[in-house]
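So the chains spell out like this:
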Amino acid sequence: MKCDSFQQEIPLYVYGELAAPAEDLFEEHLSHCGGCAEEFKKYRRFSSIVSDAAEEPPLWFLAECRQSISHLTEISPKRTQSIGKTFSWEWLLGSSIGFKVPVGALVLLALGFLGARLMPGLLPAVGATSATSRTMQAGMISTVRSVQPDANGRVQIDVDETRRRAISGSVQDPEIQRLLLTALREESNAGVRVEALTVLKDGKSDANVRRALLEAVVHDPNPGVRMRALDGLKRFEADAEIRKTLSQVLLTDANPGVRMQVIDFLTSRKDDPQQGESIVGVLQKLVEKDDNSYVRQRCHRALQELNASEGTF
Amino acid sequence: MQNAAGAMTARLAPQMDEAGLIRAAQDGDGDAFERLVRTYDQSVLRIAMNLLRSPEDARDVYQEAFLRVYRNLNTFRFDCSFHTWLYRIVTNICLDHLRKRKVRKEESSVVETGDGPVDRMDQVAEEAAHADPERHLWNRQLGSRITGCLESLTPRERLVFELRHYQGMRLRIIGETLGTTEEAAKNCLFRATQKMRAGLGDLL
Chain A
1 MKCDSFQQEI
11 PLYVYGELAA
21 PAEDLFEEHL
31 SHCGGCAEEF
41 KKYRRFSSIV
51 SDAAEEPPLW
61 FLAECRQSIS
71 HLTEISPKRT
81 QSIGKTFSWE
91 WLLGSSIGFK
101 VPVGALVLLA
111 LGFLGARLMP
121 GLLPAVGATS
131 ATSRTMQAGM
141 ISTVRSVQPD
151 ANGRVQIDVD
161 ETRRRAISGS
171 VQDPEIQRLL
181 LTALREESNA
191 GVRVEALTVL
201 KDGKSDANVR
211 RALLEAVVHD
221 PNPGVRMRAL
231 DGLKRFEADA
241 EIRKTLSQVL
251 LTDANPGVRM
261 QVIDFLTSRK
271 DDPQQGESIV
281 GVLQKLVEKD
291 DNSYVRQRCH
301 RALQELNASE
311 GTF
Chain B
314 MQNAAGAMTA
324 RLAPQMDEAG
334 LIRAAQDGDG
344 DAFERLVRTY
354 DQSVLRIAMN
364 LLRSPEDARD
374 VYQEAFLRVY
384 RNLNTFRFDC
394 SFHTWLYRIV
404 TNICLDHLRK
414 RKVRKEESSV
424 VETGDGPVDR
434 MDQVAEEAAH
444 ADPERHLWNR
454 QLGSRITGCL
464 ESLTPRERLV
474 FELRHYQGMR
484 LRIIGETLGT
494 TEEAAKNCLF
504 RATQKMRAGL
514 GDLL
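Protein sequences appear in the order of chains A and B. The numbering used here puts the first residue of the first sequence at 1, with every later residue one more than the last. The numbering used here puts the first residue of the second sequence at 314, with every later residue one more than the last.
Derived by calculation from the structure, the hints in this document are not laboratory data. Heads up, some of the hints might be wrong.
As the list claims (entries may be wrong) - Within a straight-line C-alpha distance of at most 27 Å, the following computed BS3-like cross-link-like pairs (lysine-lysine) qualify:
| no. | chain 1 | residue 1 | chain 2 | residue 2 |
| --- | --- | --- | --- | --- |
| 1 | B | Lys508 | A | Lys42 |
| 2 | A | Lys2 | B | Lys508 |
| 3 | A | Lys244 | A | Lys289 |
What the hints assert, rightly or not - Chain A residues, not near chain B, derived (Cβ > 10 Å throughout):
| no. | residue |
| --- | --- |
| 4 | Asp24 |
| 5 | Cys36 |
| 6 | Lys42 |
| 7 | Ala54 |
| 8 | Leu62 |
| 9 | Arg178 |
| 10 | Arg210 |
| 11 | Thr267 |
| 12 | Asp272 |
| 13 | Lys285 |
| 14 | Leu306 |
Note that the Cβ used here is the ideal one computed from N, Cα and C, for glycine as well.
Using the sequences and the hints given, assemble the complete structure.
Okay, structure coming up:
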């Protein structure tokens with residue numbers, strides 16, 4: 001095979017798309033052809049530069065989009081086919097939705113107004129989850145638990161009622177701390193968990209906070225929450241147990257953004273010779289196996305900064 | 314009386330796998346649908362933002378994609394993975410946007426305002442980037458160079474490059490998603506990288 005053909009395969013090699021025999025052939029050629037090795041180096045540089053310009057949607061933007069889809073699906077034709085006979089939901093949710101969103105909002109507003117007239121005290125709360133219908137009146141939250149029609153055309157509705165109250169105090173206050181840690185277990189609301197973490201990460205650094213942050217990084221289902229918890233762990237960056245746990249997270253977390261942040265965390269202590277020893281093996285594994293090219297590039301750079309080789313021998 | 318909340322909790326236990334979630338969503342379970350959305354929506358938004366480089370368009374793609382999923386979930390028959398099915402929808406919408414843009418000339422993410430030119434992508438940029446001003450400046454310069462290079466690609470080349478380079482998808486899956494062959498996706502990737510490298514020549 002000529003150099004031209006090898007050079008055409010460079011992107012495929014870098015992305016791990018060559019079959020094993022072709023990969024061996026490629027590596028062998030690269031080891032004794034200066035021209036192709038130079039071309040390969042240029043490609044790695046290109047790949048790294050392009051990766052640096054990746055856009056990651058911020059959490060607030062994601063939250064906005066989620067809110068919009070939540071509103072739109074609530075009035076989707078899928079669950080309102082009987083209404084669809086007299087009102088064209090298809091038109092409202094047609095292919096070009098950009099200008100129809102405000103119209104949809106107006107329809108929702110009108111429905112809400114009518115609903116309020118017909119059923120005072122049973123207004124759906126903004127942002128309510130679809131699992132339960134919640135109502136808010138004078139700080140009271142009602143959750144409908146079951147709806148049971150009877151033979152006489154009446155209906156029995158079981159409702160749980162919870163009263164909302166505001167508690168304020170210093171972040172250092174043990175009661176506030178306890179509530180913030182409780183908020184981290186608010187499974188249904190990632191926004192609350194992020195808000196709690198934002199406060200906790202700048203507050204007191206006791207063992208409970210440390211453990212809560214670490215648990216959030218390891219177990220929280222939402223990548224945005226995990227990333228915020230990682231921010232909070234920065235002040236514990238010398239902690240050996242945390243570093244060991246994060247090395248595992250690096251190998252198991254499904255989100256490339258989280259993995260990138262963990263790499264940044266684990267390689268931040270440039271003056272500490274021991275950090276290199278503990279992280280090199282993990283980075284070498286990732287460089288070889290991670291399915292995200294941005295992560296692999298980041299590992300490659302980190303290994304270079306640590307003067308370590310990419311492969312294991 | 315049946316406890317609806319209990320039934321809901323049982324149905325949405327954390328161990329429910331994706332197929333279970335899809336079936337529940339097909340049966341009209343709103344929470345299952347929401348969980349499906351939340352599994353994939355960050356990466357859908359990332360693809361749209363990287364490809365279209367416009368927050369408004371990215372938001373449109375996000376909404377349209379998940380509405381199509383919502384409306385057509387009943388037609389999903391597990392012939393392919395949900396991931397492939399969803400990305401097929403997303404990439405089709407993105408391709409439509411890119412093709413429309415080609416017709417009305419590429420829309421830059423930089424707009425003129427009373428305070429001078431503003432990059433709309435900066436308005437949604439990550440907090441982390443702002444924490445390091447030097448990195449942020451470099452990213453901005455680089456970003457505009459890369460955007461320039463991306464404009465030289467056809468919509469399909471741009472999509473293949475995005476899915477392979479940024480999303481880490483295998484060429485075989487990209488081919489499946491775009492309704493083409495792995496070989497065609499490979500050729501597209503090759504052309505895209507050639508054009509991109511030519512455009513960024515002085516930086517390499």
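Now the hints, each set against the structure:
1. B:Lys508 - A:Lys42: Measuring from Cα to Cα gives roughly 14 Å; hence the hint holds.
2. A:Lys2 - B:Lys508: Distance of about 22 Å is within 27 Å: holds.
3. A:Lys244 - A:Lys289: At roughly 20 Å apart (the allowed maximum being 27 Å), lysine 289 (chain A) and lysine 244 (chain A) satisfy the hint.
4. Asp24: holds (19 Å)
5. Cys36: Consistent with the label, cysteine 36 (chain A) stays out of reach of chain B, its closest Cβ about 15 Å off (over 10 Å).
6. Lys42: violated (5 Å)
7. Ala54: Incorrect as stated: the minimum Cβ-Cβ distance to chain B is 5 Å, not above 10 Å.
8. Leu62: Per Cβ check, leucine 62 (chain A) is inside 10 Å of chain B; nearest 6 Å; violated.
9. Arg178: At roughly 25 Å from the nearest Cβ of chain B, arginine 178 (chain A) sits farther out than 10 Å, so the non-interface label holds.
10. Arg210: holds (22 Å)
11. Thr267: Holds: least Cβ distance 15 Å, greater than 10 Å.
12. Asp272: holds (21 Å)
13. Lys285: holds (16 Å)
14. Leu306: holds (20 Å)
Hints 6, 7 and 8, counting from the list given before, are not met by this structure.
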